[in-house]
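> Mind docking chains B and C with the ligands on chain A? Use the hints.
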Amino acid sequence: MPEPRSNGDVRIGVYVCYCGGNISDVVDCEQVAAALRTLPNVVVARTDMSMCSDAGQALIETDILEHGINRVVVGACAPSLHERTFRNTIARAGLDAGLNPYLYHHVGLREQVSWVHQGNPQKATEKAIRLMMAGIAKARMLEPLEPTVLDAEQHALVIGGGVAGLRAAWDIARRGIRVTLIEKSPFLGGHMAQLETTFPAGEDARAALGDLIDQVVAHPLVTVHTRAELTGVSGYVGNFQAQITQQSRGVSQGFTHFAEAAEVCPVEVPDEFDYGMTTRKAIYRAYPGAYPDLPAIDWAHCDACGKCLSVNGTGLDLENKPATFDLNVGAFVVATGFRPYEPRRGEYGYDEHPEVITLPQMIRLLALAGDGPDLLWNGRTVKNVALIHCVGSREIPGVHEPQPDGQVNDYCSRVCCTATLHLATELRERYPHLNIFDIHEDIRTYGRGHEDIYTEAAANRVGFLRFHGDERPDVLPAPDGDSSPLLVRVKDYLTWGEELDVPADLVVLATGILPSPVDDIISLLKISAGTDRFLLEVHPKLQPVETAVPGVVLAGTAQGPMNIQEASAAASAAAAKVAVLLGQGSVKLEPFVARVNHALCDGSGECVAVCAYEDAITLQTVSDNGQTAQKAVVTPANCVGCGVCVSACPNHAIDVQGWTLAQYDAMLDALAAPLPVLESAT
Amino acid sequence: MTLTREEAKQRTAILKQVRDQHQETVDRTRARLKDQQTVRRQICQQLRGGPKIVPEIAEATGLPAHEVLWHITAMKKYDLVVEVGQCGEYYQYAMAKETES
Amino acid sequence: MTVKNVHVDVLVVGGGIAGMQSALDLADQGYRVALVEKEPSIGGKMIMLSKVFPTLDCCSCITTPKMSAVAHHDNIELLTYCDVQAIGDRPGGGFVIDVVQKPRYVDIDTCTGCRQCEYVCPIDLPSQFDRELGAVRAIRVPFSTAVPQKAFLDIDNCILCGKCQQACPVEAIDFAQQPETFTVEAGAIILATGFELTPAGAKAEYGAGELLNVVDALVMERLLAPTGPYGHVLRPSDGKEPDSIAYVQCAGSRDKTLGVEYCSRVCCMYAIKQAMLLSGALPLADITIYYMDIRTFGKGHEQFYQNAKAMGIEFVKGKVARITEDEDKNPVVRVELIEDGSKVVERAHDLVVLSVGMLPGYNPKSLYGVPVADDGFAAIPAPNIRPSVTPKPGIFVTGAAAGPMDIVDSIVLAGAAAAEAAAYLEEVRTPSPQRAAIEEAVHA
Ligand SMILES: Cc1cc2nc3c(=O)[nH]c(=O)nc-3n(C[C@H](O)[C@H](O)[C@H](O)COP(=O)(O)OP(=O)(O)OC[C@H]3O[C@@H](n4cnc5c(N)ncnc54)[C@H](O)[C@@H]3O)c2cc1C
Ligand SMILES: Cc1cc2nc3c(=O)[nH]c(=O)nc-3n(C[C@H](O)[C@H](O)[C@H](O)COP(=O)(O)OP(=O)(O)OC[C@H]3O[C@@H](n4cnc5c(N)ncnc54)[C@H](O)[C@@H]3O)c2cc1C
Ligand code: SF4
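Chains as they are written, first to last, in numbering that gives the first Met the number 0: chain A, 0 to 681; chain B, 0 to 100; chain C, 0 to 443.
So here's chain A without its partners, still in its complex pose (with noise of 0.2 Å):
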């Protein structure tokens, strides 16, 4: 490869971008371009509408072959968005011409300036000016670098075993790639398998799931675990250590005693599968037909009695034996999914009155009622029925409450509203008799089908009454006498803001959508969480299912409400990603580590002490000349460029590629010159 060899080769292009007016209508990108086509080894200085459009890149791709360009400085959005973009232009054309694309320098000033100046053009300008002279002059000391390339674990790790975590499981499986599927709890399916018929199709929850299911567990490139959670991880993308940990089942293969055991257990909690309205034993199974097909001992609430012992023993073990193992897997898809909002004491008289339950409770309790003509809840006959919309959703700040973590819920949730409608229409169906009164803010059925089950609830006989987000309803017990124990005050805007109170027997709130609680996740994969406390996505449009960290993906309701055909969407996506990253057996990773220079390294060890990441930095027997040393060596698959080391090393012997400290100085330098003299622009 040609690489110049001293200053009086270097050929820098120097393009600012418009960005299609987000930076233009703040800086004068002429003026920008006019100052630096004044500066040394800058051959051409341009501008564009758009420089990441295939027209823009073209620009690059001419200087380069045409005007021998051999530096690239573009001044756009953020490197986030766009710095590969313009990497891949010059790899493209250097094919050509012999040039490596990390003799490029990616200057952002669309977040860094344009958007944080706006009031001040004039300023903007010369800031926009001084951050390209910085990136001409950290050009000119570019060097070629090589991205390494390792291999990768053909596997991936599925963390939840909701409907997202099996779709993506299923998705891997069937592009080839092995996948691991670990579900915290001793049952696959998620929410989802609480359901009983689900919007938009009314189609039986439990049963699609359950052929989901069996795909899944029968492919012969997926295992599953139950009961298991990831503790460890270390290495990086393509290549991950994942230690996983799993209780034990308690119960084994060949335990056929399940009724008789349940029968005899004496402890009795609330189920979590009925939100609380029924109980189960400490021998349970989530539900008739849930996967595996054997039930579990609770841990938490096993007193190791002994009694289910005397039914029959076989297959029974009434000690916990937590195992770990480890899995050297390629990628990750985190598909940890939600929990429904719990509303506080007394938020709607919740907890307070006993008629106050939320959606998910009334999905469950529908589930088990009979067939009778009415619907009895507390022993009463339910005349009325209040659902009210946007519990713990769309609350805004410094009107309502905070949530007990400081958090304001803003967000819409996204399917309480269908859901409740879904519910409203079962509920006429077999309780024609019922009133219904539906108390929202907004209806937003979006989806494709959702509108229909809007009419048809309207159709049927559902009263319709709306608040305001800052008037909320109050529910309040209701006065001696009344025929319904509650009442439900709402000022109604479909009556032109007349305060009306509802009669109710029973009230529904529609919570709406909490992430699981993740934390250890989180720090254990180094992904972050967004204000909404949901997974972060890279970016929306750009990488939508994809986290920050190379090789973790997010799927399902982990990253923000969804419904389930939403999150089998983005289930679906996210194992394309990972196909993308596993399916061809290698990963690249940037070249941006750290680099030792042995000639100054005399072994210290500063940097091993002060580097954060296992293996990134390690002292090892070198031997250069004959002579034997202790010196600094880089794994550069274990670095992540922090340049930690590079600060603590005192011979100045550590440097990270691509952002050298001969680079920052110049660009130091650069920023303290004065600006290039330019006839003013008119």
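Hints listed in this document are in silico derivations from the structure and should not be mistaken for laboratory results.
Just so it is clear, the structure is predicted and the values come from calculations on it, not from any experiment.
Don't be surprised by glycine CBs; every beta carbon is placed ideally from N, CA and C.
It cannot be assumed that every hint is accurate.
[Claimed, not checked] Which residues of chain B face chain C? A partial, calculated answer using Cβ under 8 Å:
(1) Arg10
(2) Leu14
(3) Val17
(4) Thr28
(5) Arg29
(6) Val53
(7) Glu55
(8) Ala64
(9) Trp69
(10) Thr72
(11) Tyr77
(12) Tyr90
Below, chains B and C with the ligands alone, put in the same frame as chain A:
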């Protein structure tokens, strides 16, 4: 690019042949072009008198304002007209320098 | 030009954001993909937009790099300005597809996209890309960020004067070009044919498309776009900068009289987005949104809505019964104010934007054998668990062809369709005992 006589002849022949095949649309488009030229002439005449806003041109020519706007937009796109400033709620347009002469 | 027969793993039909993403997700896995687009450039509707919710990224910053990636990908064969004519089953699985390359009258290999032809062409036509507000020439590069950056000639609006041929520096113009047919062999097909908008004349009550200052939201996208026709937000009747702009929501959706009973999903968000962009472009303008429900359900969308409220955009719950025009061509909106005693009032604005709906576009029934559901979008037998699988084995669907959806949802579903297609190919290659059962279950 210079063509040989032969090539030039061949081109003309192909054009004629294609023109015959598309007689109907060619005629229609020709008529359209005529109208376009008439309107353009009127608009340019107005602009030669100095920068104007759309309603002024519309009033002076009797053309509907939205048509004037469309033609101005077209001419601006192909550098025949330039926008020179703002006058109240309207932008002012003028002939581009090179085309003025 | 030579068009060869193409052998690929997957044929993607439609080069909007959904089709491009499916193609990239497959090509990045090493599958060979052909992408066929009926227009001279890929990009779909998205490339016409200004900035996109919820992040307010400039639209071309998201779209154009994907367009470029599609064009340059080693595993993608890009077939623009092509129509699929016939499809047959390939013996042993897969499809044989007859494709016709429509004549561009420009040799695509020679053309450099210099646009000299465009500058000499005497014919100005209403630009479909700019929703007829701007002009294009009869020969042109479709739009500034088109991929491929190559000219094509709209022969139906050409006088065949030959000026372009004289101007072309590389002799790319070829009036003798004829349609050429070739075949594509593919193991699977992904339909990404997108959507259409509610037609301008759909609602007589809203002026039947006759009122100059009642425009649809895609017009407003063009007005707001940096590459837009006027370079400013001006109203089409006379070029006036509007002072008061109103949005009419659900104009073409949730409307029995139009036979469109569903919600189009994106209109609330795009209206709020445009309102925000307008308050940036025209800080003094009053902006009103007449709505029935605000459906900002997506990730980050509710917060977006609350920001818009805080910026002073007025949200009025009301049913717009009629739109007429006063003598200054100001649209007059007759609206029932639902939260104000259902009082009916008339309000004049400078410009009214109809938040038009997403209607089904291409119907894949006759050619692809994929039926459509009652709403006109592709039928999806198991929408919950397999949202991109059609009743026809080997044919998948993504993007707005599978029902109204925004860009994020289209991109995610595109990944899902790619995963389904990849799995389908692998299972055909190594049939598993499960496959028959799966097929049966899904296509029953
Ligand atoms: C009341 C209600 C009604 C609904 N009705 C419908 C409907 O009719 N139609 C519809 O389409 N959608 C409906 N939904 C939405 C639907 O339930 C969800 O879209 C779907 O269940 C999401 O699946 P998931 O896999 O993302 O999450 P989940 O179902 O929550 O699954 C996540 C799984 O991960 C496991 N897990 C969590 N943390 C860990 C960990 N650290 N390690 C290992 N495993 C872990 C959990 O135990 C769980 O099994 C409804 C939701 C609610 C609340
Ligand atoms: C006014 C407006 C504003 C919007 N703003 C936003 C926004 O800010 N953010 C957001 O997320 N979403 C927005 N959307 C939605 C967004 O436009 C769509 O989500 C997106 O364009 C869907 O992409 P698609 O690829 O499915 O369809 P399309 O963009 O319609 O692409 C379909 C492609 O297929 C081609 N095609 C069709 N039929 C055939 C055929 N038979 N053969 C070959 N090719 C064919 C078409 O030519 C086209 O190129 C907006 C929509 C509108 C109307
Ligand atoms: S889906 Fe409906 S009920 Fe749920 S938060 Fe959104 S608006 Fe409220």
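> Does each hint hold? Answer for all of them.
Hints and how they fare:
1. Arg10: 7 Å, holds
2. Leu14: 5 Å, holds
3. Val17: Because about 5 Å separates Val17/B from the closest Cβ in chain C, which is inside the 8 Å limit, the hint holds.
4. Thr28: 5 Å, holds
5. Arg29: This interface hint holds because 5 Å falls under the 8 Å limit.
6. Val53: 4 Å, holds
7. Glu55: 10 Å, violated
8. Ala64: Holds. Min distance 4 Å.
9. Trp69: Because about 7 Å separates Trp69/B from the closest Cβ in chain C, which is inside the 8 Å limit, the hint holds.
10. Thr72: It holds, given that the least Cβ distance between Thr72/B and chain C is near 5 Å, below 8 Å.
11. Tyr77: 6 Å, holds
12. Tyr90: 7 Å, holds
Taken one by one, the earlier hints fail for this structure only at number 7.
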